[in-house]
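Chemist: Listed below, chain by chain, are the residues.
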Amino acid sequence: MARVVVDVVLKPEILDPQGQAIVGALGRLGVHGVTDVRQGKHFELDVDDSVDDETLGRLADTLLANPVIENFTIRR
Amino acid sequence: MARVVVDVVLKPEILDPQGQAIVGALGRLGVHGVTDVRQGKHFELDVDDSVDDETLGRLADTLLANPVIENFTIRR
Amino acid sequence: MRVGVVTFPGSLDDRDAARAVRIAGAESVALWHADPSLHEVDAVVLPGGFSYGDYLRCGAIARFAPVMESVIAAANDGLPVLGICNGFQVLCESHLLPGALIRNDHRKFVCKEQLLRVDNAATAWTTEYREGQEIVIPLKNGEGGYVADEHTLDELEAEGRVVVRYLNGNPNGSQRDIAGICNAAGNVVGLMPHPEHAVEALTGPGTDGLGFFLSLVGVLA
Amino acid sequence: MSIDTVENAANTPDQPQPFAELGMKEDEYARVREILGRRPTSSELAIYSVMWSEHCSYKSSRAHLKQFGDKAPQTAALLVGPGENAGVVDVGEGWAVTFKIESHNHPSYVEPHQGAATGVGGIVRDILTMGARPVAVMDSLRFGRIDAPDTARVLPGVVTGIGSYGNCLGLPNVGGEVYFDESYAGNPLVNALCVGVMRTDGIKLAKADGPGNKVVLFGARTGGDGIGGASVLASATFETEGKTKRPSVQVGDPFAEKVLIECCLEIFAADLVVGIQDLGAAGLSCATTELAAAGTGGMDVDLDLAPLRDPTLVPEEILMSESQERMMAVVTPEHLDEFLAVCAKWDVNATVIGTVTDTGRLRMRWHGEQIVDLPPRTAAHEGPVYERPIEKPYDQDALNEHDGHDLPRPRNGSAMRATLLRLAAGPNLADKSWITDQYDRFVMGNTVLAQPEDAGVLRLDESTCRGIALSTDGNGRYTRLDPYAGAQLALAEAYRNVATTGARPLAVTNCLNFGSPEDPAVMWQFTEAVRGLADGCLTLGVPVTGGNVSFYNQTGSTPILPTPVIGMLGVIDDVAKRTPQGFRTDAAVVYLLGDTRDEFGGSEWAHVVHGYLGGQPPTVDLAREQLLAGVLIDAARDGLLDSAHDLAEGGLAQALVESCLRRDAGVRIDLPDGADPFVALFSESTGRALVSVARSEEVRFTDLCAERGLPVARIGVVDLLTPALEVHDLFNLPLRELRTAWAATIPHQFG
Ligand SMILES: Nc1ncnc2c1ncn2[C@@H]1O[C@H](COP(=O)(O)OP(=O)(O)O)[C@@H](O)[C@H]1O
Ligand SMILES: [Mg+2]
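Chains as they are written, first to last, in the numbering used here: chain A, 1 to 76; chain B, 1 to 76; chain C, 1 to 221; chain D, 1 to 751.
Mixed in with the good hints, there may be bad ones.
Claimed, not checked - Below 30 Å or equal to it, Euclidean Cα-Cα: the simulated BS3-like pairs (lysine-lysine) are: (1) A:Lys11 to B:Lys41; (2) D:Lys214 to C:Lys108; (3) B:Lys11 to A:Lys41; (4) B:Lys11 to C:Lys108; (5) D:Lys25 to D:Lys214; (6) C:Lys108 to A:Lys11; (7) D:Lys66 to D:Lys432; (8) D:Lys59 to D:Lys207; (9) D:Lys345 to D:Lys25; (10) C:Lys112 to D:Lys577; (11) B:Lys41 to A:Lys41; (12) D:Lys71 to D:Lys214; (13) C:Lys108 to B:Lys41; (14) A:Lys11 to B:Lys11; (15) D:Lys207 to D:Lys66; (16) D:Lys577 to D:Lys59; (17) C:Lys108 to A:Lys41.
Hints listed in this document are in silico derivations from the structure and should not be mistaken for laboratory results. Being a predicted model, the structure only gives us computed values, none of them experimental.
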C-alpha cells in the first residue's frame, strides 16, 4: 500500500481566475513579493502495490486531469 | 524569485465528498487497487526571495487554506 | 419520434428537458446512466445538472457512464445529440466536441436571462432559427467559460461551428463569446444556456428556447 | 478502551460524569438518574445531553410555543400540525404541501459556506421526511454592517453555501430576505426554508411501528463531524486518549443528498416504509429516540453495524455525530429486499442496524455489550421545561418614548429626491441581485415568480395550473420597539406579500431568532413575540404549522435585535392569473390602496438617514390586512391588475422604485391633495399596496374597492416612453440614475 500524489494544474496558456483573484487579494492584504499564483488540484491516493505506473498514468490522464486544459505530475 | 508550492487538504476527520465521488468512479472504470482518494488544492506561487517563511505561512493560513477545516503544507 | 433524455446521478434538468421535448411534439424517453441501451431513440438530450456532484471536473465522471459509450458511438454515426450545460461539459469530456469548460472568470455561479445570437441555423437543433436571430434564454452555471486552443477556435469559426454566441456582455469569460458549438457534421450540439427553461411563457423569460426542440422534430420528420 | 456498559453503570453509581461539560444542569442529571434508577452510561448521558439541549428539547420555549396550538384557528387545510418534522397543508385537488423554516445561525458564523450549505441540506431533509418531493428553497439572511470587515467574510460564504447546495440539489430558490444591522455582526442569521409537495395520501410520519420491523440507516456514513453542534454548551466533548477535539462544523455533500432525495422518493412511491426520520441535530440519538417514542415504543440497535467514515469513533460520538445526508427508515421484513434494491440502484449505502420492539425500551449494543437501555419518550418528549424569568428590558420605555419626532425631515423636492436615492441605495433596500443571481431559480420549470417579486410562486400541477406562493418576512427593528406588534407586523407583511401575487394565504411557519433565554429581557421579547404571533395567526385564520427557535444569538451580553421570521404559504387556483410586481402597461393607472399615517418609528428612513431607533412601530391593523388581501386576490382572479406591489420598508417611495425598475417602466405620480409629501412618500404605515390597472379595468377595480370599503387613491400613470420616476411638483428622477444608485451598493462591497 502506498500513498501516491497527483497534482493537476491548468496549462499555462489557460486563464486561471482563481489564481488571479488570490494575487489580487494578496495586494489588499499587504503581502508583497508574490508575483503570480496558479491554483490546481491535489489528489492523495491510497494505492495497492499491485497498481503499476502505467495504470496510474492512465488514471491521471483520463480521469483526474483533462489533457485539453490541464497538465499533471505523479509522485509515488 | 522562487516557485513555492502550497498543498491544502481537508483535515482527515472532515468529509471529502469529492474524493469519495472519485473512488466511486474508479470502481465503475474498472480500476482496482485504489482504496482511498482525498482531493485538495494545489497552489503554485512565484515568490520574490524577499518573502520569508513566516509571511508564507500567514498567507497559507489566512488566504489559501481555511484552518477550520483544512491543513496545508508548504514546499519552497 | 422518440427523444431520449439521460439521467445521471445528479442530473437536475432532465424533467425540464423531457417537458420541452413533449411540448415540441415528440415523445420523451428516460435513459438511465447505468443502462447502455439507447432504447431505439431518434435523438438524445444530455441535460443540465451536477452529474456525480461535478466534484472532479464537470462532466468528467459522467463521461464514463455505460450509457455514454452508446451515446458516443451513435453520435459518431450521426444521431442528433444536444448537450445542455452539464451535458455540454460531458460532450467535451467525451471528445465529441472540442475544447473544455472552465470556472467562470468572475468565479461565481451566475443565473440570468441571457441574450444570444444564433450564428449557425443549419445544425440538427437550430433549423427553426434564422442565422443572426437574437434570442433570450436562461443561463445558469458556475463553470461555463469555453476554452480551446487558438487553432481549434479558428477552425470552429472558419467552419461555422459556433452555434450561439453571447450578446450584451460576456457572462463567464468564454473565449470569443462562445455559448454553444457543434461537431463537424452538425448533429452534435453543446450549449451552455438552457433552452429547456424557455419553452413556456409562464415559467421562463419567453419561448425562445423551443426552437431547438422544434428544429429536431422538423429535421427528423 | 473500556466500554461503559449498563451493568458497569449499575455497579459504579458514584463514578463522576461530565454532565456539566455536556451542558446539563445538576438537576437535569439527577432526573436522568431517577428515570433510569441508576447512573446513565456514558452513551446514555450523550443521548440525554443532546436531546435535552435547548436546540432539541425547546426547554425554554416549549411552554410558550403551546399557544400556537391553543390559539390555532380552525381550518380544514391543516393536515399535520406542529410536532412532526414539518407541517402539512391541503392545497386542494389532492395536493398537499409541506414547508418549514429553520436556522443555521451559529455554524454559518464559524464556517459561512459549510454552515449555510448544511442549513439548506437539513431543512430539505425535514421536508423529504414528510414524504414530499422538495420543490423550492428560500433564504432569510441578516448580517452585520455591510462595510464591516467580517461581513465581507461571512456574506459571500453564506451565499455560495446556500447557492451551491440548493443549486446542486436542483431546487429553485424563489425568495428570501437580506438585511444588515450592527446587532448581527457577531451573530449573522441564516434561516433556510424548504417547501415540498406530495399527494394528500402520501404523508409519511416519523414513527417506529410494528415489532420485528427493521431499522435501516441509509445515506452517508457517520463521521466525527458536527459533534456538539446540537448542544449549545457541549463544545468540550469526549477527550478520549488525547484525541484532538472533533470539529464542530459539518461539511455538506449536496450530491449525496440529491441521490438520497431521488432514492427516498422512489421508496415512497413503492410504499416501502412504515416510518422515516432524517438525521439532523443530535443525529442518531434523535432519530432512534424519536422514532421509538412515536411508535410501538421500543427499539433494539446494534451500533457496531452503523457504517462509519472514521473507524476510531466511540459509541458516544456515533450517537452525537451530526454527519449530514443520513436518514433512518423503519421497514417491514417483507419489504426489506425491495428497499435495499432501490438504495443500491441509487448507490446509496443502506444498513439494517436494529429492530422495532414492544419493550418500551431503547436498547443499544456495542461490541456485544449493552450500552443503552432507556425509555425513549423520556429522552425525546419528556425533557425539562423551564419557566424562565421574564422582565421588560430596562431601556424599553425610554426607547418607546423617544419617538424621533424632531428628526429633521426633507422639506423640498430636491431634498426628497436625494432622500429617495439614499434609501434606495442603502444596504437594506438596494438591489440584491448580486446575491440572488448566484441561485438557480429556473430549475424544475415550475417557477412562475421568484425574487425580487413579493412572493415566490410555483406551479404545482401542469394540467390545472394550481400553484402556491411563499414569502418570508421579519423586521428586527420593529420587534425591538414592540415585540408583540413586531411579530404581527412580520406576519402581516408575509400575508400581504402572498396576497399581492394573487394567492390566498393559508398557513405559517416561523423561525424565532433571539438572544439568550437566560436573560429575562430577551425572554420578555420572546414571549411577547410568540403571543403576538399566536394572536395574529388566530385573527388572520392562518395556523402555525411548525417552525424553529434559535436562542443564544448574542455577542457577549448584547443580544441581536429580536428577529421572528415568518414564512407564509398561500394557494392560487391558476398561476397564470398571478400578479407581477413591475409596471408593464403604458397608460395604466396607478393606485395606492390603504391609509397612510405619519409613522416613522423603526423606519428605514430613521435608520439610514439618522441612525436612529425609537418610538413605536407602525400600527398593526389585521382587519385591514384581510380586507386588502381580499381585494388583491379577487382583483387578480378577475384579471383587473397589471401589477401589484406591497408597501413595506421605505414606504411608497421604495415601492415606486421597485415597480419602475422591474421592467424599466416610467411613472408620473401626483401625490394626493393635501398630503404631506414626506409622509406620503416615506411613511411605513402597513396595510397598503401599490397597483397598476389598465384603463379598461379602472371602473371595475375602483367599484370593487368601494364595495369592500378599501380606501383607494389614484396617484399616477405608467409611462413606458419616459423612463423616469416623476413626482409632480417635487422631482424627476431618470430611471438610469436610479438604477445606478440602487444596483451599485452590494457589488461595490463584495465585488
Ligand atoms: N417557533 C415554532 N413554531 C412552531 N413550531 C415550532 C417552533 N419551533 C419548533 N417548532 C416545532 O417543534 C418541533 C421540533 O422542532 P425541531 O427539533 O426543530 O425539529 P427537527 O429537529 O425535525 O428539525 C417541530 O415540529 C417544529 O415544527
Ligand atoms: Mg427533522
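Chemist: Now tell me if each hint is right for this structure.
Modeler: Now for the hints, and whether the structure bears them out:
no. : hint                 : verdict
1   : A:Lys11 to B:Lys41   : 16 Å, holds
2   : D:Lys214 to C:Lys108 : 45 Å, violated
3   : B:Lys11 to A:Lys41   : 16 Å, holds
4   : B:Lys11 to C:Lys108  : 25 Å, holds
5   : D:Lys25 to D:Lys214  : 36 Å, violated
6   : C:Lys108 to A:Lys11  : 22 Å, holds
7   : D:Lys66 to D:Lys432  : 37 Å, violated
8   : D:Lys59 to D:Lys207  : 22 Å, holds
9   : D:Lys345 to D:Lys25  : 47 Å, violated
10  : C:Lys112 to D:Lys577 : 24 Å, holds
11  : B:Lys41 to A:Lys41   : 5 Å, holds
12  : D:Lys71 to D:Lys214  : 39 Å, violated
13  : C:Lys108 to B:Lys41  : 18 Å, holds
14  : A:Lys11 to B:Lys11   : 28 Å, holds
15  : D:Lys207 to D:Lys66  : 22 Å, holds
16  : D:Lys577 to D:Lys59  : 45 Å, violated
17  : C:Lys108 to A:Lys41  : 19 Å, holds
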